[in-house]
Every structure is written in structure tokens, then in C-alpha cells.
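Keeping the supplied structure of chain A fixed, place chain B upon it in accordance with the hints.
In case you want the letters, here they are:
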Amino acid sequence: MSFLRRRKPSEKQHVAPSSEQKLEEEEKEHHSRKNEAKNKEAKKKWSCVDNCCWFVGFICSLWWILTFLYNAMPASFPQYVTEAITGPLPDPPGVKLQKEGLKAKHPVVFVPGIVTGGLELWEGHQCAEGLFRKRLWGGTFGEVYKRPLCWVEHMSLDNETGLDPAGIRVRPVHGLVAADYFVPGYFVWAVLIANLARIGYEEKTMYMAAYDWRLSFQNNEVRDQTLSRIKSNIELMVATNGGKKAVVIPHSMGVIYFLHFMKWVEAPAPMGGGGGPDWCAKHIKAVMNIGGPFLGVPKAVAGLFSAEARDIAMAKAIAPGALDKDIFHIQTLQYLMKMTRTWDSTMSMIPKGGDTIWGSLDWSPEEGYIPSKKRKQRSNSTEVSGDSGTESKSRNVKYGRMISFGKDVAEAPSSEIKRIDFRDAIKGKNVANNTCRDVWTEYHDMGFGGIKAVAEYKAYTAGEIVDLLHFVAPKMMARGDKHFSYGIADDLDDPKYNHYKYWSNPLETKLPNAPEMEIYSMYGVGIPTERAYVYRETPSSDCYIPFEIDTSADEDDEDKCLKNGVYTVDGDETVPALSAGFMCAKAWRGKTRFNPSGIKTFVREYDHAPPSNLLLEGRGTQSGAHVDIMGNFALMEDIIRVAAGATGEDLGGDRVYSDIFKWSEKINLKL
Amino acid sequence: MRRRKGGSEPKKPQNSSSQPADSVAESNQKKGNSAAEDLNSGKKKSGHDENSSNSNWKSKKKQRAKSWNCVDSCCWFVGCICSLWWILLFSYNAMPASFPQYVTEAITGPLPDPPGVKLAKDGLKAKHPVVFVPGIVTGGLELWEGHQCAEGLFRKRLWGGTFGDLYKRPLCWVEHMSLDNETGLDPPGIRIRPVSGLVAADYFAPGYFVWAVLIANLARIGYEEKNMYMAAYDWRISFQNTEVRDQTLSTIKSNIELMVATSGGKKVVVIPHSMGVLYFLHFMKWVEVPVPMGGGGGSDWCARHIKAVMNIGGPFLGVPKAVSGLLSAEARDIAVARAMAPGFLDKDVFGLQTLQHIMRMTRTWDSTMSMIPKGGDTIWGGLDWSPEEGYECCTKKSKNGNNETGAPNDSGNSGNATKVHYGRIISFGKDVIELHSSKIERVDFRGAIKGNNLANTTCTDVWTEYHHLGAGDVKAAADFKVYTAESVLDLLQFVAPKMMNRGGAHFSYGIADDLDDMKYDHYKYWSNPLETKLPNAPSMEIFSMYGVGIPTERAYVYKFSPTADCYIPFQIDTSAEGNGGSCLKGGVFSVDGDETVPTLSAGFMCAKGWRGKTRFNPSGIKTYIREYNHAPPANLLEGRGTQSGAHVDIMGNFALIEDIIRVAAGATGEDLGGDQVHSNIFQWSERINLEL
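These protein sequence lines map, in sequence, to chains A and B. Residues in the first sequence are numbered consecutively from 1, following the UniProt record's numbering. Residues in the second sequence are numbered consecutively from 1, following the UniProt record's numbering.
Here chain A stands alone, though its shape is the one from the complex (with noise of 0.2 Å):
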């Protein structure tokens, strides 16, 4: 149809200036009235939809040519571009190592973190059709944008158990795809592993240790065997190797599953794996943990408590509302919330060890931090928001209060905060409890009296953050509690301490008796991150939860800790230094109660650098951030000589560009 119309006009103009010539000029008037009828004509159909076409065709042209052009580009190509532009690029750290001759040695298990291991579904309900093992979480997430409310659905949690709802089996991804990229062109594991490769690693001796990331640590081996699997493909790897011990590289949560795991291997069946308590000595040679949230991220809590962290905060800030209705159609952030309090995983991070270690009303162990100055001395990065004075005046951030009702709040001196305790406070009816009861998150359960004693607190610590989420959140964290502790032992050899929930704690565990393990705690350092909160009630607290950060709590200051009603302190942007770093750096260095055995602790930190240009170096290879730094030269190095061979000795012990020592040195822990 349009073939035709398109053709008919051209003809006519065709003909129509040959046949002018022989015309005289009455008939070239009349010609050229009916020239111009035709003109409209041929303007009107030479319009929008053949000009849409046309473009069309010509954008995709072009793209066809780019991308034959990409395609037919030999793969080297943009590095001789950036090799070009920059200088030579130093060489990847597993081909700088393999020129000196190292050699695969120890089997490497890689143990991930919450959220980027992969999940995909085994079976669903009926709105999940075609989805039979194809990825829910990872991969594209094309699926949260065609039908949120069953990936919502699916990727929730029974509210009770924390296991399976009912006709619904979302199962971690097996292998090294679980997370060698979390989305596509977004690294995990996947850099670490090519540097791996280089020095002759393949799949027989390197293992992703999967898990359901959302599942409680023990419930992995009670729904999925995961435990098991772990040390039976351990003892496989030792064996096939000729009995050389395996390095574990746990990263951000499986760093305490995997402390959960050496528990478990060495506790008799049926609660533990029945490894013997010499398991870890025979197969383990390092554990080198990576941005190891040893002791919970204050993150976790804004997270439990209203679903936001940071960057949702300041999402909140910028575009108010557009979270509050748009994806899920609506309530986005109690769809979220609803989701995630479904999760026991997330638990697993609430900060622990209460005051002693995260700090009292008056008092936190990293008071006296000022990021940009620190910044500027330790490193002469070009950093654009470095250029402040280095007039700071020494103020003291009271980060131990985790989480405080308004700026005044959390910088009042305590004697002169009002705090009415919420622990009594009588819950009062549901609020708005007609409309809104699709959505379960238990702030609906609360009641307007309720909400008004949290607020009333003023400030929580770390300590009386726990009881805080027993009472907003009662079902979330009697559930949570059989799976998860947060207190500071006072004598291991408790028999209570062999309950399963303990395991994850290594305040109230002892480290396996195997002297020649080492432990690695490796983690970026210089970049804010979140260590205190301050909040307010939301003002539309109809159908909503009814706290969320105070965005507009700002400091004024250049060297501010405080930006958008969040404190933040040193760390790699999701864990704070002294969560990542106290436990090598103290409770466990040499013997103490908590390491019984003297296993040797390194901490190893890597100074965060920005990638120089964002358009080669991509996520940069200096990195200090949570996630990127598995991309970092310096941790990839350290990782390669231990796995082929070296010790923490070797690699020149400890390596420290924060306050850690001196911040552990506070803590008042018994030993």
C-alpha cells in the first residue's frame, strides 16, 4: 500500500517539467495550478509517516554500519585506543604475575555477597509463565519492568518461616555465572576470575560457593543442602589437588556466611556439617575476606527501618513522589520494604555489639574523623570536591547515635535530650487499615501511638537500635532471632553458644582451632559512608511508612560528615572501616578469647582513586568502593600470590591507610 503511494507522485514529477517545455504559457499556468494541486498532494503524502520512516531507516542504517564496524573491530582495539591517550596501561595483574612465573596452586572458593548472586525461578505461580529457570534477580531484570507485582511476589519470602511461599521455588544460580556479572557489563567476580585464568585457573579449581542470598544462613542447608555442598566441593578440590588447602574469598555478606560455614563444618551433625574439629585446619589455608561487614552496616538498619539508604533518600529528595507511585504502580517503597523485611538475609547485618563497639550517646570510637582533610593528606588525588580548607574546625560527630529525630537531636549534648521510652508505649489502632492492606509491612500494625513514642526516643544507639526494631517490627525480628544475635559474649564456652544463631557473630564464636589458617580482611578506604541517620516523621503518613531521612539536615560546613540527614564516616561506601576492619585488627590479633588458636589477622586496606577517565578505565582499576574494588590491581595481586602460595608475610602484613588501629584502641573490649 504505502509502496505504491509513494510512487505515484515521483512519476508525475517526472513527467510533469518535460511535458512544460512544449507548453505555451496559458498551459504552463494551468499546468503549473495543477502542478501545484499535486504538489499538496505529494506534500501531503511525502509527509509525517514517510519522513518517520525515512529517519527510521536511516537511524537504523547507521546503527547496522556501527555495529558491523564494532563487530568486524579486532577485540584489542580500545585498549590500543586508551594505550594511545594514556601511555602504556599496566598490565593486569594476572598477567604481570604469570610473567613471574606464578603458578595455580590452592583451589579458590569464592563465597558472594547479598544481592549479586544470581536467582533464578524453578517454579511460580501462573503470572510467572515462561519464566521456568530463566533469571528473576541479575541479568537484565527485564522481568521487574513487564510484571512488578509478580516479581514482587515471587521474589518475596513466607512472612513466617522465611522459606518458600507456597507453589513458589526461586533457586541461586550454580557456578561461576552466578555472579561473575551481576547485570550485563556490570563486574563482579568476573575480572578476578580472568586474572585467575591467566595464571591457570579453571573450573575444577575454582568454586562459587552460591547461595540464596535471601534465605538465613542455616536455612540454606535446611532448604538447598548449600552447606554441604560447600564442604563437600571443598573436600573434592583438596582431594583433586593433591591435598594443597583451599583459599575462601568470601565478599561483603558472605563473609559471615561464611564464618556461619566454619561453624557449621565442625559442629556434629545434625545441626553442624560433622567436619571434625580439625575440618578448617586440613582444608582451609586463608580465608581473605573482602569488605567484610563483620560487625553489620548501619545501612542494614535504615534499610529495615524504612527501606532506604542513601541514594534512595536522596531519590526521595530530588523527585518526590515519583518513588511513591511510579513503578509498582504504587507504594514502590512499601512494595520494597514488604519484599526485603521477607528476607532473614538482611538481618544478618544489623550492626552488633551494641555501645561497646559502635559507640554510646556521647561517645563512638571514630569521633574526631574529618574526611576531606584526612583526604588531602594521605593522598594528592585530583579529587574536584577535595579543594576545601583545611580550617576544620575539630567537632565531634556523635556517630554513636545511629539514628536521631531531627539535626538538633543528633547534636544536642545528651543531658539535654528528652527521651520518653517507646518500649511500653501501647500500640495503638491500625492505621488506615482498609486501604492499604495489600501492602503488609507492619507499620500497619502500629498505630499512630506507637509511631509517636519511636519518635519521642530521639536517639537510638547501636544497642537500642535492636530493641527499636523488636518494636516496630515484632514478626520481622522474632523471626530474625532464631537465625541471628548481635551481642558481645561474655563466656564462649556457654553451651548456648553452640546454637546456630551465634554462628555469625564473631563476637560470640571462637575461630577454628587451625593455627596455620590466615584471615584477610581486605576493604577500600576514602569514601564517605553511611554511619548515622537523621530522621523525621513523614509528613503524608497516610498510607506510608511513616519515617524516612531527613533529607533537608544539612551542614553547612565544607568538611561536613552530615549531607542529606546521613552521617557519614570512612569506609568503602557500604561498610564502615571499623565494621570491615576491627575484627583483624584487634579482637582476633594474636590469642585472644575470640581466636583461641592464634590464627594470624591481616588487615589489608585499598586507598579508594576514581578512575582517571570514566570512558576506558570504566569502573576503574584503583577502586575502592564495595562492590568495584573486586576490579582493583592491588587487591587482585594480593589475592593471586596467596592463592599461589604466599603468605600474609609475603605480602608485607598489614597495609593500613585509615584510623583503624586507633579507633580499635577505643573499643573497651575484653579479650
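Hints may contain errors.
Claimed, not checked - Here are the simulated lysine to aspartate or glutamate pairs, EDC-like style, with alpha carbons at most 20 Å apart:
#1 K134/A with E224/B
#2 K125/B with D224/A
#3 K121/B with E123/A
#4 K613/B with D516/B
#5 K99/A with E151/B
#6 K118/B with E123/A
Unchecked claim - Partner residues are not named here, just some residues of chain A that face chain B (Cβ under 7 Å, in silico):
#7 C53
#8 G57
#9 S61
#10 F132
#11 H174
#12 E203
#13 P277
#14 A281
Calculated from the structure, these hints are not laboratory results. These numbers were taken from a predicted model, which means no experiment stands behind them. The beta carbon of each residue, even a glycine, is placed where N, CA and C say it ideally should be.
For chain B alone, kept in the frame of chain A given last:
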């Protein structure tokens, strides 16, 4: 811009009313626009605009006519196509996933439930863990270390998936897929490793399922990755080398032990397919043999860990296709392609000498030698005798009621009962195929001295051992005229001594006289069911499940290659056609089977060699034969069919899947109904005279 001028709607009525004026104004344009202004005094401004735009238009008109030329038309056309494509794509994505099913049901009536759904309704639950052992070719292989030319392919699939790089850099691909000539292991600087996990062989190429349908059906009754294990291995290397290089056998052992332990001691059901059948035979011997040669699992490992072995399309006794593949890098499909387009395959894809490159590559793969026919003349027949003789391709077919388009039904039962001499696996020349053995003059080739290399100078880049053969040798090989299963081994030894020496270290093709002979402890005998005993596991069950009803290659007619210059000197004589009801077609004699494995090879062991307590099966493991008659898909919507009997497509056969699920959920062979036979396998087996 253009569009707005043309389509300024509100101006149009006014414009047409003043059209004569406009045209006058145009003719008097040299005078200026004043007249027009007067005439259009009411709408001075707009008239002026219109006027000038019209005159602009006139001048632009010619440009326009030119400018909408070829390129624009192309762009326009491409744009249309693209937009259409996007719209279709969008509607496809917006379409509910069950839509194709609705359409199918609307056309053909309600489909039967897939077996998983059906059995889930019957209340079956996941019970025994399941182990899949993929066959040759179907498993994915990925690159872990390569040469310069393979840059950027790290951990990308070289085999399986889209095969994109085969087209982009064919020579590089061949180089990486080849193994070392001498060792049969990695060449230096190249590491190709099997993909692990269920993804290794669920789909061979996108959309072409292998295990995916079975996996999906098992998942319906509750299976998931913790109780399904894909025993992926590098199918290019010999079975024992998978252990030496990758410790694959140890990995399988460890995983089976883990699955048995974590599912409360329930034994596993093993489902090997194609070459995986032989691989798993090897595994069962390996696992009970003491270290270092074996896995040291103890003599009751199989009894304790394996409930059933459900072999799908297993080439227990080898496949004749392997011979033609090794001898001339061709099978029926390739021979036919060559007949249709001579020269094409010899030149095209790889720049030069496609088949030579393929042969060079496949000859480095030890595993291909695992499927050379075993058991020699005893099993496969001699010059004048074969177990399948009397089989009539066409009458058989019509009896089974298959109206395949390819089968010449009109021939009727012209059965002049020409005995096909299937025993002669390779014959040189059409004339010898029907002669009685006494009339064939054979000149022994074994003593022939190899002459000078033929065309050594030009062909050296393609290493096939034919270049070490002189013209005399090729003649000698052809002068022997007829080869049976036994002499085929000698032929291969003659034309490819290096390859066969490598293979001789890993495989054996004979029949054991005395199974207790110490020499049978060596791993090279483990994958030959005629030279090993089954494990001591009386409660275990062995199933032999395979398709029947498809003509399957059984014997070949060969000829000299016309241009013996730089080419493989032999090729299948596609001009050899039998009359009407004959089984000879395109130089290939076919017999009943699943298109790849003849029934005899897939069924004999379970039908006779292992039936009851025999010397090959000392503990009396129960064996069952389950044949699935081939029926082509009723319509295209069905894809590869739910009743297919073809070698790979059978993995989507509903009846087969149902059997597997029932056994995995706890049924025994008796519960399934024992044997299910469509072919003459028992009759053929009877004819084989094997000491049991």
C-alpha cells in the same frame, strides 16, 4: 519543516478559495507581491507567507524529486521494515507466554499435558536424585586460554551456543578446537574446558533443546538443581583423560555421593545419552577400581549409590557412522550435500579444504574412536552374513504405518528379498556390494608398503594422515574391496596409524574370551561392554531406551575421490542407489534405528548380552529394553515433536520422559511394564553367536 508547510491544515480552505488569485500572483510575480497583497488584504500576512512558500515550493520541487532518490527510498524501506519489526517484536513480547499454546490448541484440539504436569497430578514427587550424562557434541565447551586470534573470547562458548565465532574466524576456531596430535590433550597455550552445570547441555544452540525439556518436566514434580546434576565432561578427549586432565570422574563421584547423602540415602538415577552411555560404563568400572587408576570407591560403590542407569540411544557396540567419519570425514548428510553441490564443501567455509580441516580436527578427538563398531564380525556380521539380514526398509515402514514423505511407498512390496550384506561395512564400488564373497577378489593391503607422500608440498598445512599415504597405498586399500567390522579396524590402522595408536591406548573393540584375565583391569577396556563385567549390584537396573523406525546408517559404498590431489582420497559413492525397496540410498545402506545408532548397537546388550546372569553381568542386574517408535511431528507448531524417535529429538519424547520420571519417582522396570519392543531386536540378537 517540510511537513509543517505541507500540512498546514487551517490555511488550506482559505488557500483554496484564493487559489486563482494565487496563481495570478504567481504569474505576475516579477511585478512583486503587491497585487497579491491587495487581493488578500484580509489576511495579508498569511497570504504573503503562503505565496512565498508556494514559490519556494516550486523551486524546491525539482530538488525534491531528485533528493528522494535511491538512498532515500532505501532508507524509507529500511525504516518501514524496522518499524514493522519493532512492532512485531513488541507485540511478541507483550503477548502472554501461553499464547502459542492457545493457537496450537485451537488448531489441533487440546494437547496432552506434558508428562511432568500429568505425573504431578498423579501425585508423583521427586525422590531419587538424577544425574544426566550428555553425549558427544551436545555439551558446551568454553575457552579458558587461547592464542592471540581468540582474544576476547575468554569464557565464551566455542562449541554450543550460537557458534558465532566459527563464522567470524574459522581457522582460529579450528585451531582451538583441535587437540594435540600426539597426546590427545590440550595443545600448548590453549585450554578449552567443558561448561559445567545444567546449562552445559540443556540447549545445544538457542532453541535447539537437548536436556531442557526433560529438566523442565522433572522440575514439575519437584526437582531442582540440588537433586539434578549434569555430569558435563570434555567430550573430545578420551574417557580416562577427562579424569587425568579435569578430574571429571572424581567430580561425578563426589557429586553423586553428596546427592545421595543430602537426600536421605536415596540412590541416584543416572540418565546417560548417546556417548554418555559409554562414558558412564567407563565410570562404573573406574569408580570401583582402586586408586591410582580408578576412583577407589570400593567394590560396592555402584550398589550403594545407583538405583538405575537409563541409557538413552546408547551406542553400546559402536556406530558405523563413526567409521565413515574417521575414514572420510563424512556421514550421510555430508555425502548428500556434496552430491548436490560438488566442490562447495571442498572450498568454501574455511577458505580452503573444509573437509580436510574438519577431518584434521576430528581426528585429534580421541572420543570419536570410542564409537568404532565393537565386537567385530561376531556382532556386526561377516562378508555373507549379518544379524539384520532380511530387514526390509520399506515394507517395515508401511507396516508401522508411518507415512514419511521420503519413503517411496509406491514401490509396494517389491521384496525380491535381495539380501543386503550389512556385514560389509565398507565396500569399494557398487559392483561388489551384491556379489557373493567367493566371487570378490581381494588383495590384502596390510602388507603394502607406503609410498611417497602425495602432494606433500601443498597440503602440509592440513594435517591428515592421508598425506603420508602414497598413491599405491590408497589403491591397496581400495583393492581389498570389502571390509567387515573387524577389517575396518585394520583399514583405519592402515590409513591413520598415528590416530589409531592414540586410540589404542584408550579404547578396545574386541570380545573378551576370559573376563577374569588380568589385562582387563586396564582402563582401555572399561567402555567396551563386551570386555567388562557389570558391577556387582544386583538391585540396580539397566534400561536401554532408544528410538526405532528411522533409517540408520549401517554400511557404505565407497569410491576413489575423483580429484585425489589434495583431498581425502575416499568418499562415499552417492551414485550407488538401490532399486525401489532397497535399503541402499546415496551410497549408504540403512537399517532400523534412531538415525544415528542402529537398533542392534543400542539394544543388543540389554536384549541378550546382559539379560539374566551372564558372564558380562555376573550379578544378574535386571535389564529392560524400551523402544520408542518414531512418529514425525504432526504439525510445525509442535517443533521437534513429542513422539520423535530420532537420536537427539527423543529427549523430547513424552513417553520416554514419562518413563524417566516414573523411575526417578521410585518406580522399577517392572512397574513400567518391562520391555517395550517395536523392532526385531530379539530376533537379531538370537542370530548373534556370542558366548555368554
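Against the structure, the hints come out as follows:
Pair hint K134/A plus E224/B holds up; C-alpha atoms about 13 Å apart against a cutoff of 20 Å. For the proposed pair K125/B and D224/A, the alpha carbon gap of about 17 Å is at most 20 Å, so the pair holds. Distance hint between K121/B and E123/A is fulfilled; the C-alpha atoms sit about 15 Å from each other, no more than 20 Å. Annotation: proposed proximity of K613/B to D516/B holds, straight-line Cα distance about 16 Å (limit 20 Å).
Restraint check for K99/A and E151/B: satisfied, since their Cα atoms lie roughly 18 Å apart, inside the 20 Å limit. For the given pair, K118/B sits about 16 Å from E123/A by alpha-carbon distance, which is consistent with the 20 Å threshold. Checking C53/A against chain B by beta carbon gives a least distance of about 4 Å; that is within 7 Å, so the hint holds. Taking 7 Å as the C-beta cut-off, the interface hint given for G57/A holds, the closest approach to chain B being about 3 Å.
With its C-beta approaching chain B no nearer than about 6 Å, S61/A sits inside the 7 Å limit, and its interface hint holds. Because the closest C-beta pair between F132/A and chain B is about 6 Å apart, less than 7 Å, the hint holds. A least Cβ separation of about 5 Å between H174/A and chain B falls short of the 7 Å threshold, and the interface hint therefore holds. For E203/A, the shortest C-beta to C-beta distance to chain B is roughly 6 Å, which falls under 7 Å, so the interface hint holds.
Taken as an interface hint, P277/A does not check out: its beta carbon lies about 20 Å from the nearest beta carbon of chain B, beyond 7 Å. Because the smallest distance between the Cβ of A281/A and any Cβ of chain B comes to about 21 Å, over 7 Å, the interface hint for this residue is violated.
The structure fails hints 13, 14 (numbered hints given earlier, in ascending order).
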